[in-house]
Amino acid sequence: MLSALDISTSALVAQRMRLNAISSNLANMSSVRNENAELAPYQARYVVLQTDDSQGGSQGAAGVKVASVETETVEPRYKYQPGHPLAIKSGQWKDHVAYPQINMTTEFVDALEATRAYEANIGVMEITKNLGLQTLRILA
Amino acid sequence: MSGDIFGPTTIPVLQEVLSFSQARHGVLAGNIANYGTPGYQTRDLSVDTFQQRLKEAIAAKNEQPSYVSPGLMTDEPGDPLKNVSRNMSTILHHDGTNVGLEQQVTEMSKNQMLHNLAITIMSSQFRLLQAAVSERV
Numbered sequence: 000m001l002s003a004l005d006i007s008t009s010a011l012v013a014q015r016m017r018l019n020a021i022s023s024n025l026a027n028m029s030s031v032r033n034e035n036a037e038l039a040p041y042q043a044r045y046v047v048l049q050t051d052d053s054q055g056g057s058q059g060a061a062g063v064k065v066a067s068v069e070t071e072t073v074e075p076r077y078k079y080q081p082g083h084p085l086a087i088k089s090g091q092w093k094d095h096v097a098y099p100q101i102n103m104t105t106e107f108v109d110a111l112e113a114t115r116a117y118e119a120n121i122g123v124m125e126i127t128k129n130l131g132l133q134t135l136r137i138l139a
Numbered sequence: 000m001s002g003d004i005f006g007p008t009t010i011p012v013l014q015e016v017l018s019f020s021q022a023r024h025g026v027l028a029g030n031i032a033n034y035g036t037p038g039y040q041t042r043d044l045s046v047d048t049f050q051q052r053l054k055e056a057i058a059a060k061n062e063q064p065s066y067v068s069p070g071l072m073t074d075e076p077g078d079p080l081k082n083v084s085r086n087m088s089t090i091l092h093h094d095g096t097n098v099g100l101e102q103q104v105t106e107m108s109k110n111q112m113l114h115n116l117a118i119t120i121m122s123s124q125f126r127l128l129q130a131a132v133s134e135r136v
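If you're matching them up, the sequences are chains L and X in order.
According to numbering that gives the first Met the number 0, the first sequence is numbered sequentially starting from 0.
According to numbering that gives the first Met the number 0, the second sequence is numbered sequentially starting from 0.
Bear in mind the hints are in silico, worked out from the structure with no lab data behind them.
None of these values were measured; they are calculated from a predicted model.
It is possible that some hints are incorrect.
The following label-pair restraints were derived from C-beta to C-beta distances [claimed, not checked]:
id	chain 1	residue 1	chain 2	residue 2	range
1	L	Gln-49	X	Val-136	54 to 60 Å
2	X	Leu-128	L	Arg-136	20 to 26 Å
3	X	Ser-18	L	Asn-35	51 to 57 Å
4	L	Arg-115	X	Glu-134	53 to 59 Å
5	X	Asn-61	L	Arg-115	40 to 46 Å
6	L	Ile-121	X	Leu-17	25 to 31 Å
7	X	Asn-61	L	Asp-52	37 to 43 Å
Derived pair list, reagent style DMTMM-like, types lysine to aspartate or glutamate, alpha-carbon separation capped at 25 Å [said to hold, decoys possible]:
id	chain 1	residue 1	chain 2	residue 2
8	L	Lys-64	L	Asp-5
9	L	Lys-128	X	Asp-47
10	L	Lys-64	X	Glu-55
We treat Cβ as the ideally placed atom computed from N, Cα and C, and that holds for glycine.
Only chain L is shown next, with the shape it has when bound in the complex (with noise of 0.2 Å):
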């Protein structure tokens, strides 16, 4: 039973791990900059979760951790602003500033899934607790 709240443990630990990620995401929207401060939009980072068996593993149940965090890849936004200090000088995307790509709808959507999925594992540690407490009402 106690090894069923440290599965639900490392589902929490993961699902804030997801939203730290996702919050990230919104938060660097407008980042044209790297962290080195190149001219670099900000690229998506989305967190990869993988069963982990280490922890109540012996019951048959597995609990999760984060296998990664990946970065993506993709094109940039490009915005036309000609004039911009950092706008592109040649090329076809002459005049527009790169902007990351970030959808703030999935993002959002992102978000939510996340929430919930917390939720539902407070949830079910309830549950185990007062598991716990019907099993001691035996006794009392």
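Chain L is already provided as a structure; the job is to place chain X on it using the hints.
Relative to chain L, chain X alone:
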């Protein structure tokens, strides 16, 4: 003196369980209090070690009747019960901390379940004693 009344019951054992879970609660509360302290590493008391030692103490008590409590109160320097272990599988953050709020709250919740279990059994033991002393149910 209390040993005469409580000796045949499991109350001394439960008392040890309670003091362990209370001590562990303090350690876990410290982890949550230091959520965000740079360089802080989570601490924990080993439940397995405690249960192992309790098992040994109960076995020793059964061989020659005495109390469980004094048997557990060792004061040797390398006492594993006094170890505050730092090994919990959590994410190491950039500021050197590894406090996972979810893990800590879950551990607290498990600890609370252990505490509740001991309290419930203890109260039923006391109810039995009460019935015997007062001669009514």
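Right, here's what the structure says about each hint:
| no. | hint | result |
| --- | --- | --- |
| 1 | L:Gln-49 / X:Val-136: 54 to 60 Å | holds, 56 Å |
| 2 | X:Leu-128 / L:Arg-136: 20 to 26 Å | holds, 21 Å |
| 3 | X:Ser-18 / L:Asn-35: 51 to 57 Å | holds, 54 Å |
| 4 | L:Arg-115 / X:Glu-134: 53 to 59 Å | holds, 58 Å |
| 5 | X:Asn-61 / L:Arg-115: 40 to 46 Å | violated, 52 Å |
| 6 | L:Ile-121 / X:Leu-17: 25 to 31 Å | holds, 28 Å |
| 7 | X:Asn-61 / L:Asp-52: 37 to 43 Å | holds, 38 Å |
| 8 | L:Lys-64 / L:Asp-5 | holds, 12 Å |
| 9 | L:Lys-128 / X:Asp-47 | holds, 21 Å |
| 10 | L:Lys-64 / X:Glu-55 | violated, 37 Å |
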